[in-house]
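Visitor: Residue-level listing of the chains:
2 protein chains.
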Amino acid sequence: MTSVTVVEQIMSANDSLAAQNRALLEASGVLGVNMMASPGAGKTSVILRTIEAVASSLRLGVVEGDTAAVTIDADKVISAGMPAVQINTGGQCHLDAVMLGNALPQLSLSDIDLLIVENVGNLICPASFTLGTHFNVVIASVPEGDDKPYKYPNIYRGIDALILNKTDLLPYIDFDIDYFKRGIEILNPDFHFFPMSCKTGEGIPEWANWLKERAAAYQNR
Amino acid sequence: MTSVTVVEQIMSANDSLAAQNRALLEASGVLGVNMMASPGAGKTSVILRTIEAVASSLRLGVVEGDTAAVTIDADKVISAGMPAVQINTGGQCHLDAVMLGNALPQLSLSDIDLLIVENVGNLICPASFTLGTHFNVVIASVPEGDDKPYKYPNIYRGIDALILNKTDLLPYIDFDIDYFKRGIEILNPDFHFFPMSCKTGEGIPEWANWLKERAAAYQNR
Numbered sequence: 142m143t144s145v146t147v148v149e150q151i152m153s154a155n156d157s158l159a160a161q162n163r164a165l166l167e168a169s170g171v172l173g174v175n176m177m178a179s180p181g182a183g184k185t186s187v188i189l190r191t192i193e194a195v196a197s198s199l200r201l202g203v204v205e206g207d208t209a210a211v212t213i214d215a216d217k218v219i220s221a222g223m224p225a226v227q228i229n230t231g232g233q234c235h236l237d238a239v240m241l242g243n244a245l246p247q248l249s250l251s252d253i254d255l256l257i258v259e260n261v262g263n264l265i266c267p268a269s270f271t272l273g274t275h276f277n278v279v280i281a282s283v284p285e286g287d288d289k290p291y292k293y294p295n296i297y298r299g300i301d302a303l304i305l306n307k308t309d310l311l312p313y314i315d316f317d318i319d320y321f322k323r324g325i326e327i328l329n330p331d332f333h334f335f336p337m338s339c340k341t342g343e344g345i346p347e348w349a350n351w352l353k354e355r356a357a358a359y360q361n362r
Numbered sequence: 142m143t144s145v146t147v148v149e150q151i152m153s154a155n156d157s158l159a160a161q162n163r164a165l166l167e168a169s170g171v172l173g174v175n176m177m178a179s180p181g182a183g184k185t186s187v188i189l190r191t192i193e194a195v196a197s198s199l200r201l202g203v204v205e206g207d208t209a210a211v212t213i214d215a216d217k218v219i220s221a222g223m224p225a226v227q228i229n230t231g232g233q234c235h236l237d238a239v240m241l242g243n244a245l246p247q248l249s250l251s252d253i254d255l256l257i258v259e260n261v262g263n264l265i266c267p268a269s270f271t272l273g274t275h276f277n278v279v280i281a282s283v284p285e286g287d288d289k290p291y292k293y294p295n296i297y298r299g300i301d302a303l304i305l306n307k308t309d310l311l312p313y314i315d316f317d318i319d320y321f322k323r324g325i326e327i328l329n330p331d332f333h334f335f336p337m338s339c340k341t342g343e344g345i346p347e348w349a350n351w352l353k354e355r356a357a358a359y360q361n362r
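So the protein lines, in turn, are chains A and B. When the letters of the first sequence are read in order and numbered with our numbering, they come out as residues 142 to 362. When the letters of the second sequence are read in order and numbered with our numbering, they come out as residues 142 to 362.
Among the hints, a few may not be true.
Given that identical chains are not distinguished, each listed pair holds provided it fits within a single copy or across any two copies.
[Stated by the list, open to error] Straight-line alpha carbon distances no greater than 27 Å define the calculated DSSO-like cross-link-like pairs of lysine-lysine that follow:
| no. | residue 1 | residue 2 |
| --- | --- | --- |
| 1 | 322 | 217 |
| 2 | 340 | 322 |
| 3 | 353 | 217 |
| 4 | 353 | 322 |
| 5 | 340 | 217 |
In short, the hints are calculated from the structure, not lab data.
Put together the whole structure using the sequences plus the hints.
Guide: See below:
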């Protein structure tokens, strides 16, 4: 079928460009992380907390994916003193390797150890487009409900870490952490799990340490 | 460009099939509502509450859109005694008119006054695909944050009603309702606004009355 061929060509072209992005990151000594989440899970809040927690150890850069021209998130990151580039996808539902490839030259990669890519808020489409980053993190949040890994399995497949944000709301919401975790373990037995509250700071040190360990291993590769 | 032509053809084909769906609904006297939301905003909870509130006045049917084969939501609706059909999109990020067109014949439309279509949990892609339903409702939720209409404007454009779910969490979350509403009013001055809590029941009667009024006006058209 023509439609299948076209989709295969798009995915193949994306993978090829993702490999180019990876090569550029490797050549520049930059470790890249793709952060994916539903709208409102707290991606930007987690990134701001991450900046606070690791900026004394690692030089950070941020790429912000947005579907509209608003710079709400990018402005927050820049206010936190970080080099940031916004990708406005023009209504598109995910970042792809072309977009990241266009954004990378706008950053001074030789001055960056860890590049955080904030993907578009979407639990479906970003799963299908590799970017060339080194690892994938999904940020879930307690109010989304504990059944999401069962309903949106593709985005949870192959993740390296899962941040469960907004744990401060656990007293007010029915959320079975074991049920939630089992849904991810079925897909991916080796993921790292970070319960977190950007409000109280719970889980930030553990997540920051994990990032620092990954970055150190990468620098010593 | 070829890619633009292909996309235009897809959208045009979708609109044409949506018109067919609309004609079938009209011929059967069924009022259709397309309910869109982010993952975890509470679409299914709102639908279950709606069933409780209007089932004595209106004969309901439900179409459940899911990206995976899990029947968590469809089972809940069927348990509530409603005729329901699940559309498994096979990983696709939205419902389209073809999918709804295939689902409609599986319902006994002559026994239904109001058809609720629960779209896939996604604040981006469903906005681009008309289904043939009569009106569009977005369910937002307090924990998603008050900036979502500014970040995901397409889904808020042209909506008839907005349900702001999980208002019971307002005491624990910074959420500026006026800022949120302004973001929607810019796009769509005439929308109806229903603050709601499926937990406490706040807002359910107002929403149910609005639905009943819409259905009565439709029956008397």
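Visitor: All hints are to be evaluated individually against the structure, with a verdict given for each.
Guide: Hints versus structure:
1. 322 with 217: Between copies, since 22 Å is at most 27 Å while 31 Å is not.
2. 340 with 322: both (22 Å within a copy, 24 Å between copies)
3. 353 with 217: within (23 Å within a copy, 44 Å between copies)
4. 353 with 322: Close inside one copy (24 Å), not across copies (41 Å); limit 27 Å.
5. 340 with 217: within (16 Å within a copy, 33 Å between copies)
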